[in-house]
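Asks: For chain Y, the structure is supplied; the task is to place chains C, X and F on it using the hints.
Protein chains in written order, with the working numbering: chain Y, 434 to 515; chain C, 434 to 515; chain X, 904 to 1060; chain F, 904 to 1060.
Just so you know, not all the hints are guaranteed correct.
What the hints assert, rightly or not - Just so you have them, the derived chain Y footprint on chain F, three or more residues with Cβ under 8 Å:
no. : segment
1   : 962-972
2   : 987-1001
3   : 1011-1019
What the hints assert, rightly or not - Quick partial rundown of chain C residues pointing at chain X, CB under 7 Å, derived from the structure:
no. : residue
4   : ALA442
5   : ILE457
6   : THR513
7   : GLY515
Since the hints were made in silico from the structure, they are not lab data.
Beta carbons are placed, not taken as given, at the ideal position from N, Cα and C, and that holds for glycine.
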Amino acid sequence: MQVTVKTFAQTREITGEDNIALHISENSTIETVISQLKTRSDKWALALEGSVLTACNQELCDLQTVLSDGDELALFPPVTGG
Amino acid sequence: MQVTVKTFAQTREITGEDNIALHISENSTIETVISQLKTRSDKWALALEGSVLTACNQELCDLQTVLSDGDELALFPPVTGG
Amino acid sequence: MFALVQVEDFDQGELYARLKQSADKKACGNTGAIVTFTGLVRDFNNAGDIDGIELEHYPGMTEKALMLLVEQASERFSLNSAGALHRVGRIHNNEQIVWVGAAAPHRKAAFDAACYLMDMLKQSVPLWKKEFKGDKSEWVEAKASDDKAALKWMHKK
Amino acid sequence: MFALVQVEDFDQGELYARLKQSADKKACGNTGAIVTFTGLVRDFNNAGDIDGIELEHYPGMTEKALMLLVEQASERFSLNSAGALHRVGRIHNNEQIVWVGAAAPHRKAAFDAACYLMDMLKQSVPLWKKEFKGDKSEWVEAKASDDKAALKWMHKK
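If we strip away everything but chain Y, and leave its shape as in the complex, we get (with noise of 0.2 Å):
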């Protein structure tokens, strides 16, 4: 099955990408997607070693969420609205 990543700020920044479609296995966790994509390239590595949100089709959740098919991921540092 397939999702897309996004990607905002430092993140988007680092990785150079900020939107792409990802494979992912069935009932990947949003976990095990961050570490699939750690080895993607360097880059990813590193912008996704510190302190990094997580949020699914929209609305903030932890890294045990479960993904489906079509489902948006993003990823990006903590917020500095405000």
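Replies: Chains C, X and F in isolation, oriented as in the chain Y frame:
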């Protein structure tokens, strides 16, 4: 010497007097003047028996404040603005 | 800084603009947070519906006490500016009664200062509220919860 | 209730009027207190002067997260209405960035709700700030003090 005594809100309504000239002894404290006013009439006694705030020359002050000739003394209930 | 006492209604946006302008004048570029509070007449009290209120005050002292309060808040919370406006006279249900505002470098000081201004205003500014019901009216009693709110600022900081 | 994300500057007074109107629609005559917070760009940070900021966000999610927050505050503090607006894109020194407002029967709920909205916004709404200095720019780091401010709402009530 003489001071002006002003009243507001319930204190004004109960005494029926909102602005009087009062002769007082030299070095009178506000506490003394309040005792003096209580003997002025039953209405004044009633008005001053509860919780009364005092201001001298338009500044909140306590009962031990010593009055001077020409001072403006105000007597009123706890404030309820806002 | 400003302190106003007036019969007429006020424009919240204008007061905000005045506060920001005054903060800019003192330290342009140093204000990160502006908090405003507006108080309104609710159409009921614990005993039932009401038909507006009337505010008596102590002309002369009200303005001074309000300005003193604004200066104290400004000093205590290191504000760039603060302001307050209180209406007096007859005010109808759902109308605005009072406005306070605080401009500070950071949000905590701005929130604390606005809160302090309201808590202390209810203790130290000579204003008295009367509630109407038809042709009857009754003075509002000072609330113990307001005394408590003001007292907390004695212990802090 | 409303949650807006926009590039353009906003009029504080208009947002206040919109909030009051929305509170009146829900429970006319029941609002005794309206608190607003406005955040502005200061012209310096810990490292020196800055030349404005840029806000990146997650289009789609930002609006949803802001609305969710407004709804949560409304529920938690029994508000008559609440609203929030956050700007995105390039914002210059001394300009407005963010606005939140809360309308409640009593002042404590209105103050707490506005404070809550700001504390939680800094945790849960996908916005990222970059500060400019000449042609250089740097991402703002999340502050431990902001985490602490948000955490206090976990223990209360």
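Asks: None of the hints should be skipped; say for each whether it holds.
Replies: Structure-based check of each hint:
Requiring three or more residues with a Cβ within less than 8 Å of a Cβ of chain Y, the coverage given for the segment 962-972 of chain F holds, as 4 such residues are present. Check on the segment 987-1001 of chain F: 3 of its residues sit with their Cβ under 8 Å from a Cβ of chain Y, so the three-residue criterion for coverage holds. Remark: the segment 1011-1019 of chain F is not confirmed as covered by chain Y, as 0 of its residues place a Cβ nearer than 8 Å to a Cβ of that chain, below the required three. Interface hint status for C/ALA442: upheld, as the beta-carbon distance to the closest one in chain X is roughly 4 Å, under 7 Å.
Taken as an interface hint, C/ILE457 does not check out: its beta carbon lies about 21 Å from the nearest beta carbon of chain X, beyond 7 Å. Annotation: C/THR513 was flagged as interfacial toward chain X, and the flag holds, the nearest CB pair being 5 Å apart, inside 7 Å. A cut of 7 Å between beta carbons decides the hint on C/GLY515: the least distance to chain X is about 4 Å, and the hint holds.
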